[in-house]
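Colleague: Residues per chain are reported as follows:
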Amino acid sequence: MTQDSARLSDRVSRRKFLSTTAVLGAAGLAGCGGSSDGGSDGSASDGSSGDGSSDGSQAAEGDTETATGGSDTSLLTAEGSSTVYPISNKGSSYWNSNAPPSDGEYWGSNEEGSVPGWDEIETDMLLADYFASQFGFEPTEQRSQAPFQTTVGLSHSGTGCQAVVDGLVDIGNSSGPITAELGWSEEKRDNTVVDNVVGRDGQPVVVSKDVSDAGVSQLNGDQIRQIFQGEVDNWNELDGVDYDKEIYVIGRAEGSGTDTSFRLNMLGDADASMEVDTRQGQNQQVAQLVSQNEGAIAYMALAFTSDQVLPIAIDFEGTLYEPDPDAEHTIFDSDYPLNRDLHMYTLIEEDNPDGGGRDRREAAFMNMFLTQFGQTVFVEQNNYIPLPTSDLEEFRSRLEPLKE
Amino acid sequence: MPTVTDGERTGLQTRARRQAERFRDFVDDTSPEALVTMTVIAVSLLAAFVGFLLVSSLTVVPFAVFLLASGYGWFRHQEETALILTLTTTVSTLLILGLIIVFIFRESIPVVQYESATVFGVSVPGLRMFVETRWDAVASPVRYSMAPMIHGTVMVTVIATAVAAPLGVSAALFLSEIAPDVVREVVKPGVEILAGIPSIVYGFIGFTVLGPWASDQFDLSGQGTYLFVGVVVGLMALPTVVSVAEDALSSVPESMKSGSLAVGTTDWQTMTSITLPAAFSGVSAAVLLGVGRAIGETMAATVMLRGVPRLTEPLMNVFYGQETLTSLIARNYGEADGLQLDALFVAGVILFVTVLGISIGAQYIEWRMRRKLGGEV
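Residue numbers (this note's numbering), protein chains in the order written: chain A, 1 to 404; chain B, 1001 to 1377.
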């Protein structure tokens, strides 16, 4: 029997098979390798954009001498929090495609409709051309060719803050204040970076569908604190709740921006202790866990709620904030305690015009978010909370000195 | 006693002298031009390495010299160039590994100092990481205990081994000794292909299907159990175990089996008393490789576990899965900074030491079996 097998093995030797598999596998890997090459290309271009910006500083010096010519048009890079990412990335996509005003859906207006906030823009320029030209860039007048390209990477708040401080990217997206993310003093923050707030994020507390069906539609601040600090284990231990189910408490990655601001705003202290059943890094994972487990409670960005993941109303010191946008007090209000600012930090550099902490590319890109158009399309349509008019006017006025 | 050390010393001295002689012979036999080329290659590569470590922009200069010298040497003195190139690549491989080891150990020093505990009046660095069980990187008291993660890794590894070892070894035995050739020729490569499925695929199935299912069936609060992570990781390690164990079993010399059959044993008796014992070292190496995979498995564990470092109650409760050493690193590297980041390096050091221990153990078993069986296996 074994001799037979020896013959058979001779015919189709295992080694031969393995080498065939290896070739196939290598081919498969080559496919993957291609895409990872793409990734490393991206990082390589990040690196070169670092070079580019230092070149750019020279170019900017040249600018001041000649007072004409284009500004630095190297790739504008941003990176950071998954919470700010939808806003930042959608803005970047709109910017890069540089839609013409006849588009109607992404920019400008036609007979089918016009973009939100168009009446305060009313231009015949292309999207990125319009915002960039205000800061001295030459319009390309060519769709898909913005005056400078933008790209947004996805990582974490802390990583984004560190990346902008290290000069790896131009804009650091963060869902928590940089003082908390990097353990800085406020003075260090003021000397190192500029805080550009582009929108607000409410952190609704969400429950799974079975909890909602059992009649839990609102909790008060103290009950939520008890749940997240492990003082109650079952839903029926809460006043006014008749649902016998163990509470499955979902927290966020230890030390993340979301985690820190929840501890600060809900538990009273950024270092408050927590007792949770699981911790997840990404909003998507939290939403998935809430939808596939019973008795779950979590907190996450509003953008990820669904009919399985339902936000509940919260009673803070007598004021009831409801998820319904038409209610008297809603979780969209700026005084809702779980609301937090969404930051795009830029580094204060010596060659920035007027020492403003933004170069012209950063200012032009940022300015897009601070219009009625930007707030509606990039912030509100992503289920975040748009900035009130007074904030918009104030933030826009800070960019004014950079305009040409 | 003194004579022994003297003898050792003279032995060392003669050996050193012999080496020096060989070196001198080599220098005498080689043309001066080739020697210069070799020296230039070695020195420029070393300079490039130092430049790289110092993040100097001039690194490119010695590296270009190295390339030029190698190119020149390859055409003029191929033998000597090949010798020096293979030598330098070997040295740099070892050097890089050494630097990585030094780095992970150095990065873990701050948290080891932070987690000092006093025993009998003596402060032992790092001890508190193993005697306390609290991990909390935010709320005071901030503690970075490794005990919960070590517990988790042990749990997952034990369950995975319990799944992979019996299944793997019996499958290997079947494929090698019992199965008809056609079955073997189809099944063995098929099993090896299974080894190529990325772990995130298993993890994703575990997260979306097994997790919620276990949560319902066992009436657990939420999902994430050591039991199912262990089962999944065991299944992932299975192809490795089957493949390596089958190789070991089929490499048992035919003469041994034939001899056994000739004295009248049945096939089964030959398997259990000749083939398996003879291939024992290879089979245990297979199981140890599987264990190594289970310990190092990251993606599936990260996705399926709860990510809250704490011990389960009681300790052998497999229905709650908290965190393993690898998933701790994978889950927290993005957010961690300061001591928390250093604590992740401690987890890396523990993994490194464990895997080192396992491979030394596997080598030792192999060495002992070889001595016992006379080197045929």
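Treat the hints with caution; some may be incorrect.
As the list claims (entries may be wrong) - Part of the chain A face toward chain B, derived, beta carbon under 8 Å:
#  : residue
1  : S133
2  : R143
3  : L168
4  : Y248
5  : A253
6  : M274
7  : T278
8  : G281
9  : Q282
10 : Q292
11 : E350
12 : N383
13 : P386
Said to hold, decoys possible - Computed cross-link-like contacts, EDC-like style, restricted to lysine to aspartate or glutamate with a CA-CA straight-line distance of at most 16 Å:
#  : chain 1 : residue 1 : chain 2 : residue 2
14 : A       : K245      : B       : D1267
15 : A       : K245      : B       : D1219
16 : A       : K209      : A       : D166
If you are wondering where the hints come from, they were derived from the structure by calculation, not from laboratory data. Given the structure is predicted, the values throughout are model-derived calculations rather than measurements. Quick reminder that beta carbons are idealized off the backbone N, C-alpha and C, glycines included.
Colleague: It remains to establish, for every hint, whether it holds in the given structure.
Modeller: Hint check results:
1. A distance limit of 8 Å between C-beta atoms decides the matter here; for S133 of chain A the minimum to chain B is near 37 Å, and the interface restraint is violated.
2. Because the closest C-beta pair between R143 of chain A and chain B is about 36 Å apart, greater than 8 Å, the hint is violated.
3. Taking 8 Å as the C-beta contact cut-off toward chain B, the hint placing L168 of chain A at the interface is violated, the least distance being around 15 Å.
4. For Y248 of chain A, the suggested interface contact is upheld, since its CB lies about 4 Å from the closest CB of chain B, less than 8 Å.
5. At its closest, the beta carbon of A253 of chain A sits 5 Å from a beta carbon of chain B; the interface hint therefore holds under the 8 Å criterion.
6. Residue-level restraint check for M274 of chain A holds (minimum Cβ-Cβ distance to chain B is 7 Å; threshold 8 Å).
7. Annotation: interface hint on T278 of chain A holds; nearest CB of chain B at approximately 4 Å, less than 8 Å.
8. Nearest Cβ of chain B to the Cβ of G281 of chain A: about 6 Å, under the 8 Å cut. The hint holds.
9. For Q282 of chain A, the interface hint is violated, since its Cβ never comes within 8 Å of a Cβ in chain B; the closest pair sits about 10 Å apart.
10. About 4 Å separates the beta-carbon of Q292 of chain A from the nearest beta-carbon of chain B, less than 8 Å, and the hint is met.
11. The beta carbon of E350 of chain A comes no nearer than 22 Å to any beta carbon in chain B, farther than 8 Å, and the hint placing it at the interface is violated.
12. Proximity of N383 of chain A to chain B is violated relative to the hint, the smallest CB-CB distance being about 23 Å (cut-off 8 Å).
13. Checking P386 of chain A against chain B by beta carbon gives a least distance of about 28 Å; that is not within 8 Å, so the hint is violated.
14. A threshold of 16 Å between alpha carbons decides the hint, and for K245 of chain A with D1267 of chain B the separation of about 57 Å lies outside it, so the pair is violated.
15. Only pairs whose Cα atoms come within 16 Å are accepted, and K245 of chain A paired with D1219 of chain B is accepted, the gap being roughly 10 Å.
16. Of the supplied pair hints, the one linking K209 of chain A and D166 of chain A is violated, its CA atoms being roughly 44 Å apart against a limit of 16 Å.
The structure is inconsistent with the numbered hints 1, 2, 3, 9, 11, 12, 13, 14, 16, although it conforms to all the rest.
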